[in-house]
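Residue numbers (the numbering used here), protein chains in the order written: chain A, 1 to 531; chain L, 1001 to 1157.
To be clear, the hints were calculated from the coordinates, so they are not data collected in a lab.
Any given hint could turn out to be false.
Stated by the list, open to error - Under the rule of at most 25 Å between Cα atoms (straight-line distance), these lysine-lysine pairs were calculated in the DSS-like manner:
1) Lys1126(L) with Lys172(A)
2) Lys1058(L) with Lys151(A)
3) Lys151(A) with Lys1126(L)
As the structure is a computational prediction, the values presented were derived from the model and not from experiment.
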Amino acid sequence: MRDAYDAIVIGAGHNGLTLGAYLARSGLEVLVLERRHEEGGGLCTEELTLPGFLHNVHANYHTFVDLAPPVHDLDVRGHGVEYVRPEVQMASIYDDGTALTVHTDLDKTCESIARFSEEDAETFRRLYGEAHGYVDLLLATLMYQPPMSVKELTRALATFGVEDRSEFLSVKLRRETINQFLDQHFTHPKVKAHLAFHGAVCAYTNDVPGLAIGFPLLVGKIDNWHLCIGGSHRLAHALWRDLAQHGGVMVSDADVRAILVEGGRAVGVRLADGTEVAARKLVASTVSVEQTFLEFLEPAAIPEELQTRVKNDVKHKDWSLFSVHLALSALPEYSAAEFDPDVNRAWVVNLGYGSLEELSAHFAGVRAGQLPEPKPNAAVNSLYDPTDAPAGYATGLLRQFAPFSIAGGGEGQWESMGHWYGRRCIEAWRRYAPNLTDDVILDWVPYTPLEIAQKLPNMVRGDWMMGEVSLANMLDQRPLPELGQYRTPVEALYMAGSTQHPHGFITFAPAYNALQVIADDLGIEAWWRRV
Amino acid sequence: MADIYTEGWYLEVRDAMNAKVGTMKELPPGDIQVKVEIFGDGVSPYIPDGTERHFLVKIEDGRCAWYREVDGDDPSIKLDYRFRGPARVFDEIAAGLEDPVNAALHGTVKVRGDMRFLMRQAPQVKVLLEAYATGVRTSWPLGRPPYASRTEEAVHA
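Construct the entire structure; sequences and hints are all you get.
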């Protein structure tokens, strides 16, 4: 590590590495600093249970593969990343033993939906057809560019008469919940429940007003879920490799404690060991708003009003995820396979949510700090990744929507309740897959919302999207209006992580969009803008 | 009236666009270059299957300066937008049978470039597209769309 670099990026998650790699490819001397012992942030794969069993601790689903420009621009496949797109992407198993499966083959998905409602199957086909047609246009408009305001977007949609040309897109969606959208277009409770579940796994909670606006887009890529072979961390390694091959440097165990400011301009950082590194052109933070503005910057460096707003107005998700990672000696065999054999090949399975009301009730309870009766979703990566467990064995991942702070005792209760709740989640899985007896489960570990926040402090209060996903916290309003265009009140200090538009998930978009702003400010030739 | 995809037709398209935008109060300053790529889809008689025709449109201060056919990509030309789609769809747009916004919205015609500008200049963009679609009287020497052997969505990547 030298004394000075052109650009210093704080945080080596996928956004930090992405921004660093683009800047390095643009000829800047880049330093990416990571507090943990390795790069990746949420792209974290560890042998949490037994040797040879690879568990994606955080990010497991890669849904923007081949839609996100950095996948191509940074040649992640050339750097060794291999993705698989499971044929049976997702399933819902209901309490009566029926099941719905989503396939990469649209006809098969519609056949599955038609077993519940032929009308819904036809609606889904039309919705998917329409949404899939405009998914890249919408992504280019809404995700992979610095954000416009809702007002600007609404005006443009009205001018182009989109409402008259689309069965499903409407400016009214900005006021509606996903529940309302589904109630308007679909009839069968189980079909609606599955589609809402799919949205919830993407952090688009079904009962939040305004999120209906993003729902068609989610459906347009409902079959684009990819698994990173060998673990999600492979992607982080590929991004680091690209950074390094273009002269960038990533330093781990580098705990940034301060962003140095002179004359209103960010000029470097100070590490926990006192080392100071100068930034000639910019500092970009990909960690939380709270860390950046309340911990790293001296109070005098930013307006007092911004400090207050960061303390009071930054919105975080009101639910987190409780996970159980398992080492298995057999794949799950679901009782519902009698109804639909494809459930045994489904990568991600919703275990039990059979109506919008059930899902909404769970989220209402979770917001009140209650632990829901588990209806976890189960992902078995080994179905499609033969490298993630020893031959003949499998990994399992259970995830349950859960509160960060448990009513009556706060988040600290997770330390004593993690194993108890994990056992209950496993029992819930076993009700649908009776072969998962104790002797089949070789080992398991819970991973609580508290542990999310402890392991990755940028995920404040276990907020794995690094900010509430709501219309009020999207586009140019995220995370605060004055920070919504990736710039900050401190000259040459940028925000480039998932706190920014669009949000978390492995989208690469916050970094990609911050890059556009940085390029404009610094006069960097945008070689990546291939029209 | 000019034959589709001829010099005379390009001039008429340009004039139609400028006549339309001439009625608008505010036009965005600056130059914009748009590449239109039309690929043969086995349906249109004007662009044989397996071949492509490329066009470049120059917009200066909101007005169409020229519209010309080009031979592939010229790396020295900085493009702002690229529209790409099958010949049947572009023919139908030129014949006023297909709505260009609809074609873009549904992905039949792929649009690349800075979408913010297109969205912020939506009124002008809409007028330009309408001029292209309905502002020119086009003759069709090899037959007029809709074509009898219309095939479904031969969209190339």
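Structure-based check of each hint:
Between lysine 1126(L) and lysine 172(A), the direct Cα distance comes to roughly 22 Å. Compliance with the 25 Å bound is thereby established for this hinted pair. For the hint pairing lysine 1058(L) with lysine 151(A), the CA-to-CA distance comes to about 29 Å; that exceeds 25 Å, so the pair is violated. At most 25 Å may separate the alpha-carbon atoms for a hinted pair to count; lysine 151(A) and lysine 1126(L) meet this at roughly 18 Å.
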